[in-house]
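**Student:** Top line first, the protein sequences correspond to chains A and B. Taking the numbering used here, the leading residue of the first sequence gets 7, the next gets one more, and so forth. Taking the numbering used here, the leading residue of the second sequence gets 3, the next gets one more, and so forth.
Simulated from the structure, these hints should not be mistaken for laboratory data. One or more of the hints may lead you astray.
Straight-line Cα separation of at most 30 Å, DSS-like style, residue types lysine-lysine; simulated pairs [claimed, not checked]:
#1 B/290 x A/239
#2 B/214 x A/236
#3 A/204 x B/40
Just a sample of chain B residues kept apart from chain A, beta carbon distances all over 10 Å, derived [claimed, not checked]:
#4 28
#5 31
#6 64
#7 74
#8 124
Derived contacts from chain A toward chain B, CB cut-off under 7 Å, selection only [stated by the list, open to error]:
#9 193
#10 203
#11 207
A virtual CB, placed ideally from N, CA and C, is assigned to each residue, including glycine.
Chain by chain, the residues run as shown.
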Amino acid sequence: MRFLVCIKQVPDSTTRVKVAADGKAIVTDGVTWSISPYDEYAIELALEHKDQAPDTVVSIISVGGPRTKDALRQALAMGCDDATIVGGDGADTLGPLGVANALAAAATELGPDLILCGKQASDDDQGFVGPALAEALGWPHVSQVTKIAPSAAGTEIWKETDGGHEVWKAGGPVVLTVQKSAKEPRYPSLPGIMKAKKKEIPERSVAGVDDPVKMVIVALEPPPSRGGGKIFKDGDTKAHAAELATLLRDEAKVL
Amino acid sequence: MATIMSTDRTQTGSAFDLALTETQTLVQRTARDFAREKLLPIAADIDEQGRIPAPILAELASLGFMGVYVPEDQGGAGADVVSYILAAEEINRACASTGVVMSAHNSLVCDPLLRHATPEQQQRWLAPLARGDTLGCFAMTEPAAGSDAAGMKTTALKDGSGWVINGTKNFITNGASAGTCLLFAQTEPGSRYKGITAFIIDMKAAGLSVGKIERKLGIKGSDTAQLVFENVRVGDEQRLGDIGEGFKIALGTLDGGRIGIAAQAVGIARACLEDSLEYAKGRQAFGKPIAELQAIQWMLADMATEVDAARLLTWRAATLKDRNEPFSAEAAMAKLFASDIAMKAARNCVQIFGGYGYMKDYPAERHYRDAKITEIYEGTSEIMKLVIAEDLLG
């Protein structure tokens, strides 16, 4: 069985993001780049299956500039089998439909049985590419996936719902967008890193990819800085509680 | 007439690239993520309980941290010494107890077996150590032989085709938890360093027992034990290197170990810097964060500068070791400087935290206690100066 996991490289969650002087981009100098967290959960789902069925092939793909190779290398070091970068001029500025089309073209050639994506990227939180990829391929799509059990008869899919989960079944190829699950993504081990070092990462070009909808960021602004907290010092506990309840209701409007 | 001597430590071909390779960056990242997510949240607990949870050591092993620069075909991860040093800094940034377990195992046991063991010995002893299946300890120090290691009293006397070992070793890191021991013993009593020979011992050997387990100021999660050898019999195939070569093996091993301890000191000093920085930005005094007070800023600036300088000395020593070039004096300089600035950073960290720095609710006092050992083990600061002076004077 062959999995294709689509990943996106994003600023690491520990990076303090700053808006650039033009107000339309972020400052990329000094940013640590990582695999988007939900994509890491997608990789983990695929690798867990590979742990049980070692003949499973887990392929990784990403669309982006040369820096994207670091994310692919990290996925290889986690234990994925091979990686492809879809790069070249314009790979960085492709719109989300263009990314989905580029992935669909690559997927058609790679011929996976299952495609996994994170449910959304942690940078723009759009959640667009996964479903769009399914649409471009003409495959079904299941979202909020936390567990899978592939077999010859099809794939059982656990989909998170409000307060529980549903079990779906796909008889053929399917695109799954993955939610955070109980099993934390594994760290790349040192032996894994050394193995990944020896692997070539072939590059496909984005040239000729249909990118019908261009998106332009009009403005970015940082969230307002947090105001100082209020500390109740004088008076008794009862008075504090009453005052707190009033403030939570009338000022913070959370009650 | 004054002459210009070449006491600078740069020679043709000895400059190094400060950029890490892709592989080194990935190793650093795995170590950093593991340290931040798994170790840091329990570091205070490890210190308080005096032990490291078994699953943590198991995960360190499965990630490849117990044989970082042992080649893959010998059970290790096959990375380099620089990668090892990067990982050591990250692990020690979170927990110096875990750091020393890893350091003693990699530097003091895997390293000499890699350099001196026969292929058969490597198969039998090094591979399980490098995979992390078992823990290693290095037994040289004795109750009356610390810095003066050549004065050791433990003997290994020839008995038929094998050896019989008697004596007591002290302050042995991992002594109570190790499965394999690298032992140094006198095979020609009275001959000091000329008669010292190294042996690889199974900790389950008959006659070998763990004596007193020490109660320490810091690095409390790692065990430090006395080992008692009473007529322990080992075959000659457990001798590491030649008869009488033990002292040389030990000194070469400690040279490498010092790079690991320097990295530990850098990790502790960085913990002091990062914790101080966070605290100083949040703590208010005189109507503003104390980070806005120049007295605090100067301490932070010194810490940042010294952490960087210590790290660069450490990276240089590691790079020289990777290149198989002499690194003994450079390792001593790295350890001397890094341990010194770790103590200074810890002192200032407690100071910045003020009264809270003295309390166990905050990490400052742990850094303060953990930092001190880096000036002592694997050669005291005074011994480091002897090594450096000897190199200067030729």
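**Student:** Run through the hints listed earlier and report the numbers of any the structure violates, in increasing order.
**Tutor:** 2, 4, 5, 6, 7 and 11
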